[in-house]
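What follows is each chain in one-letter form.
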Amino acid sequence: MATNQDAEAAVLSDDMAASSPPMGIKVIAREFMRDKLALFSLIFLILILVAVFIGSYLVDQATVTTVSLWDSYLPPMSMSEDPVHEGTRYILGTDSAGRDIFGLLLIGARNSILLGWTVTVVTSAIGIVVGILAAYYAGLIDNILMRIIDFIMILPQLMIIIIFVTIVPNYNVFSFALILIVFNWHGQARFIRGRALTVGRLDFISASRTMGTPSLVIMLREMMPNISSLIIVNLTLNFAGSIGLETGLTFLGFGLPTGTPSLGTLVSYATNPDILENRAWVWLPASTLILVLVLCINYVGRALQRSADAKQRLG
Amino acid sequence: MWKTIIRRLLLMIPQIIILSILIFIIADFMPGDPFTGMIDPNLDPAQLEAQREAFGFNDPLPVRYVRWAADALRGDFGRSFNYQQPVIAVIGGRMGNTIRLSLLSIILTYGIGLPLGILAGRYNESGLDKTILVYNFVSFAIPIFVLALLMVWIFGYNLNWFPSRGSISINANTTWEVWTSRLYHLLLPSITTAILGTTSIIQYLRSEIIDAKVSDYVKTARSKGVPIQKVYTKHIFRNASLPIASGFGFTIVSLFTGSIFIEQIFSYRGMGYLFLQSINTRDYSVIFVLVLFYGFLGLIGTLLSDLILMAVDPRIRID
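In order, the protein sequences belong to chains A and B. Residue numbers for the first sequence follow this note's numbering, beginning at 84 and rising by one. Residue numbers for the second sequence follow this note's numbering, beginning at 869 and rising by one.
Treat the hints with care, since some could be wrong.
Stated by the list, open to error - Here are some chain B residues the structure puts well away from chain A; computed CB gaps all over 12 Å:
(1) L929
(2) W936
(3) A937
(4) L941
(5) I980
(6) I986
(7) L987
(8) T999
(9) W1021
(10) I1096
(11) Y1100
(12) F1105
(13) G1140
(14) L1177
Unchecked claim - Below 35 Å or equal to it, Euclidean Cα-Cα: the simulated DSBU-like pairs (lysine-lysine) are:
(15) A/K109 to B/K1081
(16) B/K1081 to A/K119
(17) A/K119 to B/K998
(18) B/K1102 to B/K1081
(19) B/K998 to A/K109
Don't read these hints as lab results, they were simulated from the structure. Built from N, CA and C at the ideal position, the CB exists for glycine as well.
Next up, chain B with everything else stripped away, as it sits in the complex:
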């Protein structure tokens, strides 16, 4: 197990290097550099050029990449010229919001998906199953931004059940108020994300349970007198949850990426919102690190999925 993890982590290094080189090249095509934002009538363009030279912005691409990589390894990812702060501080300031959003979304996704999947599988062909299938189909097909807009419009503006914008109320002062206000603002965006996240969970769980129902081990368990409820909780669910457990890593990653639309529509100040903002202000150093971070997250997600699959299914050994 540990050997596999270490090997997989080592394999990730070249992938991250290639990813960073690729993004570095793309970033090079973007106009401007960290000094573009500092242009000031009192500053002599020649001096600015000298500064550029001194900071090495005119060096060839490979030289700049190596210098950037050396800095990055020391934890210095450059400065955001829009915020005039280190990139790490800018992203770190938003990360909390996105992590809270993702955490609640994950809890809701599994909280909605698992029971619905089990019910649909256990009572398949029933009215309940058909209703769940309709829900499942719609949540599979609907584009995330259409769903999010409808949710804001219906529950945020028309019914006024939830706040429709932002991540926290300005009136929240005490710790308790801050956290309840945060949670309240989180509910609608995370329910929206969760509705879309349940699709594959319900689909897999339902079909696995339907397949398992007629399998030999279930017949054996039933004939030796195990109550039906116990067969479901102890036998069928364990086997049926394998594909879902292995999808966990991917689910986390897709929640993070889906947050671009969600955060934009709910004006929720997380990393996805920061990304779009940085694109609009051409804040390349932030964009660069965000893309790298999400790429890294994708790799971790794949690894996590494989590890979970290995942990829950002893038959599978992944090298």
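With the rest of the complex left out, here is chain A:
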């Protein structure tokens, strides 16, 4: 009899082992193996990031940003005509001031990526804190936070950012990042709050509350892990959005200050119809790089999103 029971238990535990769902990184890895395009995007994205960071490290910003009017608007692959830069070959040509487009592209991409990432991480962090606080305490705190968020949402965001960029004294990279953060955290907070509300209503949270678990522990150790996959997905998708916003604002002339080249700076040459039509090498590489970056990041984000939701998984 006892052996019989043991056998049954063994079968049961075997079944459980077989049906235990794959967790964490394994799910993500499987999703990427199933979707070859996502895997390709991920590899391509990593290659771009590595190339940009190593490349911009090797390129000397002082040399790249030096003006040499001899070399103004050289087409790609031409040799320098300036005696000072004797023997330099400009792979992607030069801009109006004879600066190397390739070097500007590397430095610009690095600046855009770093700024985009910083803004994304900080806004997400604020969003997570505000969202979880609002969802956990509900009531008055939730009401106040949500009214603030509602108000920021009705602001014409792009216009307000441009106005702030023009009125801030001693405008620099830091103040630009700050302005972007101030007008972008609310979307994150709204999103996180929505998800945290659903988690907060689950029985185990109520049980934990009745047991007297400190609020901080519930929020950090119990609610946050349950929305962590969504946080990662959101981080990825917002990263692409932040890069788009920064380069767009820089393109309009209200982004990174002139001393800090961005991909948007290179694209903004295209506001001159002559350059747009006849000297595409100045703005096209930067536009293409922005496009490829956001497409790859978004595609990776979509794959992560699917792996976070069991119903949508491919594998």
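Given the coordinates of chain A, assemble chain B onto it according to the supplied hints.
For chain B alone, coordinates are given in the frame of chain A:
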């Protein structure tokens, strides 16, 4: 219904007041005042200062705000010192262009989005669906200014299919010529805007239709002999279009705001172009009213979305 509308409109009043106070405070940080542009060697600075005093520019902020608000309620939003005209006249002169751009963009957005969404949903997992999904993904991810530049470059400059700048040709004289020229100039910017606008329409419509296909009411309709075509037009589409109908208000607003990039790149003289121009010339009175207008538009859009949702879905009652 009317009660809800009136209540929502009343609720908008405090929001607009807060918005205007906020922008007023921000505007106060901006250097200069309407007299800055009138500085003239023949004018005594002391006299100018006296004028400032007389017009009340040196009064405390709350006093100036109340005076501004009282004027605004009478329809006087101040003067643009760049154009030396009332702000209302300056903005009104540009509004027509933006409204035309937005109207055509809305028509194209739904004209492209609805059929693609329906096709993708109806024939999901087919080659057509996959193509539409690729289009949908790219239009979701691509930043508006990159798309607009590529469009101008390819279709405006290289292929020469469309005019690449401006809102009207200088050779247009007769009424007919004026309108066709306007339409011709509108096409490329509104197609660009529409490509980006279709994203959420296609996404929602596709997933709603896929969900509806296996629902009970569709099975019932099919088993009582309703032809498949009719099931799609009469049953599925009606239900699937709910989220799209409710998004209509937001779509309109986002088209207006997206017009800053579009108008800048296509040198299309609308309100977005005016905004950037006013920022560069520090024409604060125009900036102030434009921001207020767009904020107001955002509120109207939200209200419109809720009302449409209420109208198309009788189950929903929004207070």
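Consistency of the hints with the structure:
1. No beta-carbon of chain A comes within 12 Å of the beta-carbon of B/L929; the shortest separation is about 15 Å.
2. Every Cβ of chain A is farther than 12 Å from the Cβ of B/W936; the closest lies at roughly 17 Å, confirming the non-interface assignment.
3. Taking the minimum C-beta to C-beta distance to chain A, about 19 Å, the non-interface status of B/A937 holds against the 12 Å cut.
4. Every CB of chain A is more than 12 Å from the CB of B/L941 (nearest about 21 Å), matching its label as outside the interface.
5. No Cβ of chain A approaches the Cβ of B/I980 within 12 Å, the least distance being about 20 Å, so the stated non-interface status holds.
6. At the 12 Å boundary, the C-beta of B/I986 stays outside the reach of chain A, the nearest C-beta of that chain being 22 Å off.
7. Once the 12 Å rule is applied to beta carbons, B/L987 is consistent with being away from chain A; the minimum gap is 21 Å.
8. The claim that B/T999 lies off the interface holds: its Cβ sits roughly 14 Å from the closest Cβ of chain A, which is beyond the 12 Å cut-off.
9. Some Cβ of chain A comes within 12 Å of the Cβ of B/W1021; the nearest lies about 6 Å off, and the non-interface call is violated.
10. No beta-carbon of chain A comes within 12 Å of the beta-carbon of B/I1096; the shortest separation is about 27 Å.
11. Interface exclusion of B/Y1100 from chain A stands, the closest Cβ pair being 25 Å apart, more than 12 Å.
12. Its beta-carbon lying about 24 Å from the closest one in chain A, B/F1105 satisfies the requirement of being farther than 12 Å from that chain.
13. Separation of B/G1140 from chain A is inadequate, the least Cβ-Cβ distance of about 9 Å not exceeding the 12 Å criterion.
14. No beta-carbon of chain A comes within 12 Å of the beta-carbon of B/L1177; the shortest separation is about 18 Å.
15. Proposed proximity of A/K109 and B/K1081 is supported: the alpha carbons are some 33 Å apart, at most 35 Å.
16. Between B/K1081 and A/K119 the alpha-carbon distance is near 29 Å, which keeps this suggested pair within the 35 Å criterion.
17. Taking the CA atoms of A/K119 and B/K998, the gap is about 15 Å. The hint holds against a cut of 35 Å.
18. For a cut-off of 35 Å, the pair hint linking B/K1102 to B/K1081 stands: about 13 Å separates their Cα positions.
19. For the suggested pair B/K998 and A/K109, the alpha carbons sit about 27 Å apart, so the restraint of at most 35 Å is met.
Consistency note: the structure conflicts with the earlier hints numbered 9, 13.
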